[in-house]
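Chemist: Chain by chain, the residues:
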Amino acid sequence: MNRTDPIIVCNRVSIAYGRPVVVHDACLEIPRGTLLPFVGPNGAGKTTLLRAILGLLKPCAGEIRTPFAEKPAGYVPQQKSIDPLYPVSTRQIVAMGLYPELGAWKRPNPEQRQRLEAALVRLDLQNHQRKTFGELSGGMKQKALLARALVSGAEVFVLDEPTSELDEETERDVLDHLVALARDEDKTVLLAHHGLDQAAALADRVCVVHHGRVHLESIPAARQRLAGTGSASGGRRHG
Amino acid sequence: MDLAPLYDLLARLLPFEVLQARFMQQALLGLLLVAPMAAAMGVQVINFRMVFFADAIGHSAFAGVALGLIFAVSPSWTMPLFGLAVGLAIMLLQRRSSLSTDTVIGVVFAAVMAFGLAMVSRDRGVARDLQRFLYGDILTITEPELLGLGLLFLAVMAFQAWGYNRLLYVGLNPVVASVHRVPVATCQYLFAGLLALVVMFSVWAVGVLLVTALLIVPAAAARNFARSAGSMFWWSLLISTTSAVAGLLVSAQDWARTATGPTVVLCGFVWFLASQVVATLRRRGAR
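Keeping their order, the protein sequence lines are chains H and C.
Per this note's numbering, residue 1 is the first one in the first sequence, and the count goes up by one each step.
Per this note's numbering, residue 1001 is the first one in the second sequence, and the count goes up by one each step.
Source of the hints: derived by calculation from the structure; they are not laboratory data.
It cannot be assumed that every hint is accurate.
[As the list claims (entries may be wrong)] Some but not every residue of chain C turned toward chain H, in silico, with C-beta under 8 Å:
(1) N1047
(2) L1168
(3) V1175
(4) V1176
(5) H1180
(6) M1232
From the three backbone atoms N, C-alpha and C, an ideal C-beta is built for every residue, glycine too.
Chain C extracted, bound-state conformation (with noise of 0.2 Å):
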């Protein structure tokens, strides 16, 4: 599939000098495709109380990318399945066990961290390889992975088209949801495993270490600003939509010259201290 045209589009509509390179328009295409994806879903993540399971999910980016290089299989598949199998694993322990949510996942946690480590330990040539996700690269994205981004995009999107509101009902009070034949389970099931596949390739843009930051600063900032749940979900596309443009064009400038994922969180961030302005002005107004 040739994407000259779109990077083409992405040039003509922000025609700022640094986006003229095709790696530039490669980067801008890959964020404008996992802004959206970690912002609507990260407003389910605040919602449900689900950022724990989001930092564990990025974690365990680790072992996913360690047994593939150890297997020679390549990460691009092994992260986000093995992403995906932690999510539905402490969604299902979750569900089964009486242990309280928090510590199901602290396990889990623990126990994917462990096992990445040791598979790294096993091979330094491993663990040099694995810089590129602890800090995430954009700025090398390749058209096979923004195809696989693109796929992933169109998935969210429906998921969200149709289970927004049952996921709002499941998370205002999952008994009341039951009762009025909202699928409950299987609104927890895929959001959990979409999640989960969101986390994986976010860790292409930001990194491990600030995978949970990409999906909760956008929606945080969002719900100072929101009056309800479907403004809150718009907010959150906006400012982390403009929030990655923002850092790739920041970070590409000489005088900053910083790396790109973590200026998008910090551009995320300045959205959410002026939400926080705003939060405040208004409870002031509302005494």
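In isolation and in its complexed conformation, chain H is listed as follows (with noise of 0.2 Å):
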């Protein structure tokens, strides 16, 4: 793949979660060092179409190109998808972004743990690495799991509302992180969001999901279309 080419294609996608069609004849091409959101209502298929194009869903027609063969995705779930019992410290947390790049036996070399180290300190995690993920605030463990895909080394992040249960000061350092990712370092950073004002923040285009449609479009053109619906204005929720 030549580096000017889209590092994401979707070409005429429908996807089904058996009969009811979510997402219909989706077309998009998504250049390298793109920061997207993907913006919606709920239920759109925000969600559906992202996991779609992190390949763990099968598209009932069409195509999608993407680079994950080579390198997998550095991908966020949204936090609650995590068990704050789960006995294991920040730090494993993060060092589980190397395993696709690590032997049968997952131990790093020294240039993954420094790697590792790096991520910790680029999200503040340094003094908070032997916590568990349960004793972390949200902001902290929204920071732990992006740490996890940063630290794979990826060169497109997915992330699932990585800011709906976030405080706005936490959501900005957040949001921060990621269009440093992409204006600074050319990664391609896709993310479902549920607020048009926000997503205005950050990008020119969004890709708006509505009624199982995709359209990449500008702010005014996305406002105007989901005008009626919660997330044409700010759409801010908090857990």
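Quick one: dock chain against chain with the hints and give me the complex.
Modeler: And the structure:
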């Protein structure tokens, strides 16, 4: 793949859970180094489309081209999908990002350990690395999951509602990290986001998922399309 | 294979009078193989919330033994094989069904129990032979059974060395593990299969009624002591092995004269009470 080619291509993709088709005929070309928010009301199919891009769901029609066979995506799920009682330290969670490149016995080499330390420092987690996931605040949990994606050295980051349970200050902090990834490191960042106002602060164009249709469009056009839904404005939710 | 040097070594390492008899040395060796296996798998049983799964496998022992007795095949073969089949069937149904995990396990649990009881009801002699499996009897373990346990021990420890970190990832979030190329289905099937075998072999030691306790009590106590997944694993091994040795020694004392399996589980429970105290003090200290 040439570096100027789109890093992700969806060509007439439809995705269904059994009979009901959730995403219809989606066409999308995402250039490298893009930060692209996926916006739309709840249940519109944002997460479904992102899961299909990750290869977790097989489209019932069309094709999706990604670079994940060579380098897995840095996937950040919703933090509530992690059991807070699970007895793993924050450091262990972040280190899991190294797994795809480790050998059979899963022992990191010095360079990989260095990357792990760098990710912990970058997300301000070095003083919390011995705490278990359940002991972290909501913001720290999100940063730990982001650090795990970072340590993997992924080219593409996929985040599912990464700020839905954060206060405004922590949300800004997490989003700043994502903006820096795309702007300074040429990484591609795809994030499912509930509200258009926050998405507008991140990118000029958004991917609107509405009634199962997918549209890559400017903020004003997206606002018009989503008028009357909770996503047209802030749509901010606190967990 | 001559295990006599191993028995002699155990007798020298633990020079208690009650351990001088050969059957006690065999029982000790059996427990030293069963306890660490149950402890290692128990950590993942707790983390995966699979206690009910282990219980269902344990109760399928009845049907496995009854099948062997009725068809004149050694229960040493039919019990673990039937348990393995039940474990894999639960895992397959769980992955393919839209029902919740506990519902799937509950249905299979009921089916294997009913099947076992139906088999037993055909022949009153079978019911008498089942007593051993109900309460467990590690003191009658034979050398071929010890060799079988030894092979399973090696398989479980090799699986833990290969799969511990992978299972940790799958337990934390199977979707992310899948994105990161962890073979989630392979890990889950291997784990379920080995767990079924460990449960079935543990039935010899503590019986159907207490087999789940052997898995979860050390791991639960370990979770109270531990601050990380790694330390939980080692704590669980320590608690399980010391409980097994202590339980065997205590059960053989004149003042106790209790069945070995339940005594082992009670020793584990003492560890659990101690761990609760430690966890409570730690929480208070953190406030």
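Chemist: All hints, please: hold or fail.
Modeler: Each hint tested on the structure:
| no. | hint | verdict |
| --- | --- | --- |
| 1 | N1047 | 6 Å, holds |
| 2 | L1168 | 6 Å, holds |
| 3 | V1175 | 6 Å, holds |
| 4 | V1176 | 5 Å, holds |
| 5 | H1180 | 5 Å, holds |
| 6 | M1232 | 5 Å, holds |
Hint violations for this structure: none, all hints satisfied.
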